[in-house]
Structure formats: structure tokens, C-alpha cells
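Turn these sequences into a full structure, and let the hints guide you.
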Amino acid sequence: MIAVETLVKKYGAFTAVDGVSLSVAPGEIHGFLGPNGAGKTTTIRMIAGLLKPTSGSITINGHDLARAPEAAKASLGFIPDRPFIYEKLTAGEFLRFHGGLYGMDAAEVEARATEMLDLFELGRWQGELVESFSHGMKQRLVMCAAFLHRPRAVLVDEPMVGLDPRGARLIKDIFRHMSEKGVAILMSTHTLEVAQEMCDRISIILRGQIIARGTVGELLALAGGEDEQLTPVFLKLTGGSGLQEIEEAL
Amino acid sequence: MTTQPFPYLLLPTLWAMRNRARRREHGDGTRIAIFGGLAAMVGAAIFGIVFYLTIQLYDYAELGDYLIRLGFSWLFLTFLSFLAFSGVVTSLSTFFLSEDLRLLLAAPVARDRLFYSRFVKTVGQAGWMVATFLVPVVLGVGLARCAGMRYYVVAVLTLVPFVVIPVAAGSVVTLILVNVFPARRARDILTLMGLLFAVAIVMMLRFLRPERLLSVESLPDIAAFFSTLQSPVTPLFPSFWAGETLFASLQGSHDWLHFGALWTTALAFTILARAAFGRYYFTGWSKAQEARKARFTRLRFLDSMARALPGGPAARHLFVKDLKVFLRDTTQWSQLLLLLALMLVYLYNFRVLDLDRIPYMSGVVKNAYAVVNLAMAAFVLSAVAVRFVFPSVSAEGPAFWVIRTSPVPMRSFLWSKFWTGLVPVLIVAEALTVVSNYYLGAAPFLRVLGAVAIFFMTFALVGLATGMGAIYPRFNAENLTQVAGSYGGIGYMVLAVLFILVEVALLGWSSSIRLWHEYRGIRIPPSQVALMVSLLLTAVGIAIATFWTAMQRGIRALEALG
Chain A
1 MIAVETLVKK
11 YGAFTAVDGV
21 SLSVAPGEIH
31 GFLGPNGAGK
41 TTTIRMIAGL
51 LKPTSGSITI
61 NGHDLARAPE
71 AAKASLGFIP
81 DRPFIYEKLT
91 AGEFLRFHGG
101 LYGMDAAEVE
111 ARATEMLDLF
121 ELGRWQGELV
131 ESFSHGMKQR
141 LVMCAAFLHR
151 PRAVLVDEPM
161 VGLDPRGARL
171 IKDIFRHMSE
181 KGVAILMSTH
191 TLEVAQEMCD
201 RISIILRGQI
211 IARGTVGELL
221 ALAGGEDEQL
231 TPVFLKLTGG
241 SGLQEIEEAL
Chain B
1 MTTQPFPYLL
11 LPTLWAMRNR
21 ARRREHGDGT
31 RIAIFGGLAA
41 MVGAAIFGIV
51 FYLTIQLYDY
61 AELGDYLIRL
71 GFSWLFLTFL
81 SFLAFSGVVT
91 SLSTFFLSED
101 LRLLLAAPVA
111 RDRLFYSRFV
121 KTVGQAGWMV
131 ATFLVPVVLG
141 VGLARCAGMR
151 YYVVAVLTLV
161 PFVVIPVAAG
171 SVVTLILVNV
181 FPARRARDIL
191 TLMGLLFAVA
201 IVMMLRFLRP
211 ERLLSVESLP
221 DIAAFFSTLQ
231 SPVTPLFPSF
241 WAGETLFASL
251 QGSHDWLHFG
261 ALWTTALAFT
271 ILARAAFGRY
281 YFTGWSKAQE
291 ARKARFTRLR
301 FLDSMARALP
311 GGPAARHLFV
321 KDLKVFLRDT
331 TQWSQLLLLL
341 ALMLVYLYNF
351 RVLDLDRIPY
361 MSGVVKNAYA
371 VVNLAMAAFV
381 LSAVAVRFVF
391 PSVSAEGPAF
401 WVIRTSPVPM
411 RSFLWSKFWT
421 GLVPVLIVAE
431 ALTVVSNYYL
441 GAAPFLRVLG
451 AVAIFFMTFA
461 LVGLATGMGA
471 IYPRFNAENL
481 TQVAGSYGGI
491 GYMVLAVLFI
501 LVEVALLGWS
511 SSIRLWHEYR
521 GIRIPPSQVA
531 LMVSLLLTAV
541 GIAIATFWTA
551 MQRGIRALEA
561 LG
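The listed protein sequences derive, respectively, from chains A and B. Each step along the first sequence adds one to the number in the working numbering, with nothing skipped, and position 199 is 199. Each step along the second sequence adds one to the number in the working numbering, with nothing skipped, and position 250 is 250.
It should be emphasised that the hints constitute simulated quantities derived from the structure, not laboratory data. Worth double-checking, as some hints may not be accurate.
Said to hold, decoys possible - Here are the simulated distance ranges between beta carbons:
#1 B:Ile201 to A:Val8: 56 to 64 angstroms
#2 B:Val180 to A:Ser132: 17 to 25 angstroms
#3 B:Phe475 to A:Gly127: 25 to 33 angstroms
#4 A:Ser134 to B:Val180: 22 to 30 angstroms
No residue lacks a Cβ here, since even glycine has one placed at the ideal position from N, Cα and C.
Right under this line is the structure:
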């Protein structure tokens with residue numbers, strides 16, 4: 001599971017993340033929503049161990065990230081928003097390298113890499129250089145790597161960017177399957193339909209603070225409207241749509 | 001709709017340059033001071049040499065004039081080949097690989113305007129270095145010969161068409177290449193060609209053995225030497241026209257024929273290039289966008305080799321990954337060719353060094369040279385380290401998140417970088433020192449000392465490069481050469497030079513004690529032995545401290561990232 005307690009990140013006088021607490025139970029898909037610049041990616045990057053928090057604590061599957069970073073990271077899978085990977089490695093080599101970093105033995109990596117590549121429909125590209133992959137293929141390769149070492153918690157930053165409808169459907173099915181197997185998934189996204197369709201609970205962050213949390217039903221009730229879609233609720237909670245101004249300008 | 005003239009398309013480049021000049025980055029002052037100082041020194045040295053030679057040649061009347069004329073032709077001929085090659089490489093980037101081309105090609109920009117704006121950019125990028133180098137040469141000759149203002153105006157008016165001609169020809173070659181090969185493959189081929197060209201120039205210049213000119217015994221050969229120089233100067237090349245035009249204005253007269261030939265050819269080449277681009281550019285550009293299956297070497301032997309290496313699985317995987325990425329990137333491994341050429345020239349210098357001409361002193365000089373050789377080998381080694389080892393952390397680039405989110409401690413990561421860098425550099429350093437000392441005929445004691453000393457110095461210099469590369473990483477650099485020239489890279493070179501000077505002073509002092517007594521056949525007194533040992537131990541201590549401190553600070557810097 002993922003547990004975050006009063007997480008703060010300051011850049012000089014600017015506070016990007018201001019006392020965020022959340023927990024993702026095993027088997028739960030937790031959506032993390034917020035407008036641009038609200039602090040989503042900063043929070044995700046701190047949980048992934050890419051940024052040092054100013055204060056607060058992060059525990060992954062019982063391991064404190066600050067005190068036992070290797071143990072915490074060993075049980076976490078991370079899918080970043082932009083799939084930067086080594087362009088001069090083949091997909092298979094990248095997965096073997098990734099498995100090696102997580103201490104998997106060679107035979108285990110081979111079998112699991114083939115399984116993951118087939119699952120994400122990249123099997124026939126195993127021997128090709130990453131530099132010849134499209135954005136969506138790189139994104140799927142990063143997902144193969146994130147699930148390769150059988151993590152018990154997965155952190156996802158904008159999973160659907162660059163994926164075609166078939167790829168998006170595939171990812172949704174895989175995430176759901178993984179959560180049924182007990183994997184805790186924390187997913188940051190702008191695609192509200194995805195959040196509504198997939199997440200057990202959702203946290204909404206604005207100006208570095210969590211302003212609302214609950215199931216989709218609870219959030220709809222919290223907004224007090226009669227809509228059955230998250231979009232109007234999200235716009236209402238995060239401070240108006242600005243759509244009228246846009247329409248006027250156009 | 002108003003159509004802006006083609007220079008409008010150059011505005012983003014100019015604005016970017018202006019913004020870069022306004023922006024202040026950490027270490028800008030140091031960088032400007034070091035690079036500016038070096039550039040000023042090089043410029044002053046070129047000016048001084050050219051000025052001195054021109055004054056000297058004045059005494060030889062017609063022969064002196066002939067040599068200046070020949071000198072101009074050779075200078076322009078060298079630049080001509082450089083510019084043609086530079087034009088090929090630069091136009092590949094400006095016409096086919098630039099990120100902003102998609103924006104421009106999607107916008108309603110006429111092909112002619114696009115061609116002219118890109119061509120001007122290519123000419124500027126390919127020619128600025130030649131123009132900068134020519135300034136002290138033109139000034140040196142002009143001031144020594146008290147040339148009038150017209151000479152300098154003609155120099156500028158000669159340079160413009162002289163640069164345009166080879167760059168236009170180079171751009172057309174690129175256009176053909178891109179229509180035949182995919183652009184990225186063409187870039188690899190060009191990079192390789194460029195390095196082979198540089199290697200050939202270095203080897204050719206060295207194997208001409210210009211030092212023979214200074215030797216009295218080889219006087220009869222000088223005529224043959226000049227006839228060799230004269231042979232490639234052909235009246236059909238723009239380099240000859242440029243040389244003749246400039247020489248005529250130096251003499252106070254005009255050479256309208258060659259001046260006219262330069263300008264008309266430049267205009268004709270530009271028009272031809274525009275026509276070729278109008279016809280074939282879009283086809284080539286489209287081909288450059290097609291993602292084809294890349295051809296590459298599997299390098300499976302590295303996986304088997306790694307299994308035999310000591311260290312944990314993570315370290316072995318990092319090693320294999322680093323080597324595969326390096327060997328599959330032509331822009332990286334091909335630079336080893338230049339390094340190999342420089343090593344061969346370095347060793348060749350020792351092979352042809354004729355110290356036996358001074359029989360009485362040759363023993364002393366040889367041994368003094370052995371110490372100098374140690375310093376020079378260490379300088380070569382630090383240059384190799386700044387280019388290949390210092391950028392090794394930055395080489396992870398935007399993919400560094402893969403390592404940082406994995407359960408691999410930064411300590412293991414940096415040590416893996418150190419060992420991957422150390423082994424090849426150590427082999428190069430030992431080979432250079434041992435072979436050059438053998439050719440030099442240094443005393444056996446100095447040969448052993450050199451081999452041992454370079455071993456410790458390599459540890460220190462590679463450790464310093466790895467550690468400082470981690471302290472000053474540039475993960476967003478466009479290429480690794482940029483990383484080597486960054487603030488951290490310059491800082492590394494400054495520290496490396498200081499370290500080498502201290503080490504060589506300590507080693508030179510201790511070995512001089514032994515050699516002084518050996519030449520006189522005297523037994524070394526115990527106090528001097530103690531001094532020698534303490535000097536050697538201090539040298540070893542400094543090397544270990546440098547290596548260890550840099551690595552520890554590098555590890556701490558990586559752990560504190562974010």
C-alpha cells in the first residue's frame with residue numbers, strides 16, 4: 001500500500017505541495033486529480049523517490065521511503081508521464097536491464113519480460129531499438145517495466161497520454177486486473193472519464209492541498225449538483241470553468 | 001496577407017542568441033574568462049606568428065612574396081575543404097533535423113523563403129569559425145606589410161563568396177545523401193566521415209615531418225618540400241581565386257578576374273542549390289521523417305562477458321547498458337578514432353625524437369623527458385576523461401528516472417560508472433607511458449616509476465571526472481560534448497591540471513635524487529632515501545585522496561538530487 005502523511009514541498013517561498021495526506025489500500029485504484037500546476041506531478045515524483053520532500057513521510061508497503069529507500073522502491077512500480085528511456089537499447093534489453101536493477105535473476109527476467117511484452121502487445125518488437133518506437137509504444141514499454149518485478153504498489157502519472165483508443169482500453173483492463181490481484185495503484189490523470197470509470201476513490205488537489213476525497217458517488221454528492229459526470233464537479237470544485245470567457249473570446 | 005521577407009524567418013535564431021546572452025547561468029563568468037582568455041591567447045599567438053613571418057619574408061623580396069602568395073593559397077585551400085565538409089554536416093541539421101522545421105513547413109512559408117533563411121543560417125554556422133581564424137591572419141599580414149584600408153575591405157568581400165561556394169556545394173551533397181539514405185543514417189555516415197577526415201589531416205600534417213625544415217642537414221630537401229606544397233594549388237579552385245584577390249590587394253593593385261570569378265560562382269552555386277532544393281527538398285524531408293527499423297549490432301558478447309565480471313547484478317547490467325548505448329551511437333564511439341590518431345601521433349613523436357644528436361647530454365635529457373612524458377600522458381588522459389568519463393552520469397539524460405526510482409543505491413550506480421570508465425582509460429594511459437618511455441630510452445627506474453605513477457594518477461583523474469560529473473550533471477544537454485564544455489567540465493580540467501603539476505613535481509623531485517646519485521656513481525645516503533620515499537608516498541596519498549574525496553562528494557550530490 002501507499003501511505004503519505006502531511007507531505008510538503010517548498011521551492012524557496014513557493015509551496016508546491018502543502019500538507020498532502022493520502023493512502024491507497026492494496027487492491028485499490030486511487031485517482032489523483034487537479035488542474036495544471038496544482039501539485040499532482042510534484043507529489044507523484046516525491047512518492048517515486050525523484051524529489052526530496054521538504055517535510056512529511058511516505059511509506060510504501062511498510063517501508064519508509066526516507067529511511068529504507070531501496071526496500072520501498074523494490075516494491076513500487078513507476079510509470080512517468082513522459083516515457084524517456086534509453087533509445088539505443090532494444091525493448092528486450094531495456095526490460096532485462098530493468099529486471100537487473102530490481103535484483104531479478106536472468107531466467108526469471110526472460111520469462112517475465114516475454115509475458116509482459118505479450119500482455120502489452122509489444123512481443124514482436126522485442127528485438128527493435130526503442131528509438132524506432134512511437135510515443136504510445138514507449139509508454140507501453142514503460143508499463144511493461146513497471147509491472148515486470150511484480151510490484152505491490154504502482155504509481156502512474158498520466159497513463160493515457162499518447163495512447164490510441166485500443167491502447168487505452170488495454171491499459172484500463174490491465175490496471176483493473178492488477179488491482180484485483182491486490183496491487184495498490186495511485187493514478188494521476190487529467191482524463192476525468194478514465195478516473196470516473198476506473199477509480200475506487202479519488203483525491204482532488206488544488207494549490208498544493210487536497211480539497212476533496214471520496215468515491216465518485218461521494219464527490220458528485222459533495223458538489224451538490226444533479227450531474228452524473230465528474231467534469232462539472234471537477235470544474236466547480238477547482239474554481240470555475242472559464243468556459244464562458246473562452247466562448248466570448250472565440 | 002502580408003508576406004515577410006526571408007530574414008524574418010531568422011528572427012527566432014537571433015532572439016534565442018540574444019536571450020542566451022542576457023541569461024546568466026552559474027559559472028558563466030568563469031567560463032567566459034577561461035574560454036575568452038584562451039581564445040585571445042590563440043588569436044594573439046596566430047597574429048604574432050603571422051606578423052613575424054611576414055616581416056622576415058620581406059627580406060627575401062620576390063621569394064618572400066611568392067611564399068606569402070603560396071601561404072594564402074594553402075590557407076584558403078585548407079578552409080575550402082573544411083567549409084565544404086562543415087556545409088554538409090550543418091545543412092543536415094538546419095535543413096532536415098531542426099525541431100522548428102515542422103512548424104515552418106506547416107506554416108504558409110514559400111519554399112524559396114525557407115531555403116534562403118536556412119541557407120543563410122547554414123553559411124553563418126559553417127563559416128564563423130573560419131572567419132574568426134582569418135581575422136588575426138589577415139591583420140598580421142596586413143600590418144606587417146603596412147596595407148591600406150582597401151586590403152581589409154577586399155578581405156571581407158573575398159571571404160563572403162569564398163564561404164558561400166563550398167557551403168552551397170555541401171548543402172547539395174546533403175540533399176542527395178538524404179534522398180538516398182534516411183536522415184539519421186546520413187548523420188551517422190557524415191559523423192564518421194568527418195572524423196576520418198580529421199584523423200587524415202592530423203596524420204598527414206604529422207607525417208610530413210615539418211621539423212625537417214629546421215634541420216640543416218635536410219636543406220637540399222627543402223626545394224622538394226616546396227614542390228610538394230605547390231602541387232595541390234590549382235587555379236580552378238575558389239581557394240586560389242581568394243588567395244590571388246587578397247594578395248593583389250596586399251600589393252596595392254586589383255585582381256578583378258579572380259574577384260569576379262568568386263562572386264559569380266557564389267551566385268551561380270546559390271541559384272543552383274535553390275533550384276535543387278526546390279525540386280528535391282520536400283521528398284528528402286519526408287524521407288527523413290519516416291521511422292524505419294534501425295539497423296544495429298546486437299553486441300551479445302557483452303552479456304556473456306558481463307556474467308564473468310565481479311560485482312552484483314545491478315552493476316553488471318549498468319555496465320552492459322552503458323557499453324551498448326555507447327557502441328551503438330556513432331557520434332560517441334567514432335570519436336575514439338580521433339583519440340587513436342592522436343595517440344599514434346604522440347607515440348610517433350617519441351619514435352622520431354633524435355636526442356642522440358646531443359651525445360653528452362642525451363642521458364639527462366632523456367630522463368628529464370621521461371618526467372615530462374608522464375605529465376603529457378596525464379594531460380592526454382585528463383582530456384580523454386573529460387570527454388568520455390565526466391559526462392557518464394549526464395549521459396543517462398532524461399532516462400535517469402529509471403535508475404532513481406529503482407532500488408539501486410546511488411553509491412552502486414556511481415561506482416559502476418567509475419569502473420566502466422577506469423578500465424579503458426587505464427589501458428590507454430599505461431600503453432602511452434610504457435611505449436613512449438621505451439622509444440625514449442629512459443632509465444629502467446624511470447620506466448617502472450612512470451608505469452606505477454600513471455596507474456595511481458589514472459585512478460585519481462577518473463575518480464575526479466566521475467565524481468565531478470555527478471556533482472555538475474547536465475541531464476538536458478543536447479550532446480555529451482556540451483557536457484564536457486560545461487562549467488563542471490572546465491572545473492574538472494582546472495583541478496586535473498593542478499593535480500598533474502603537483503604529482504609530476506613530487507615524482508620529478510624524487511627521481512632526480514636517485515638519478516643524480518646514479519650518474520655520479522654515489523650511494524644514496526639514508527636521509528635522501530627517506531626523502532625520496534616520503535615524496536613518493538605523498539604523491540600516492542594525494543592521488544588516493546583526490547580519487548576518494550571526489551567519489552564520495554559525487555555520491556552525496558546524487559543522493560541529494562531533487
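Legend entry - Broken hints, by number: none
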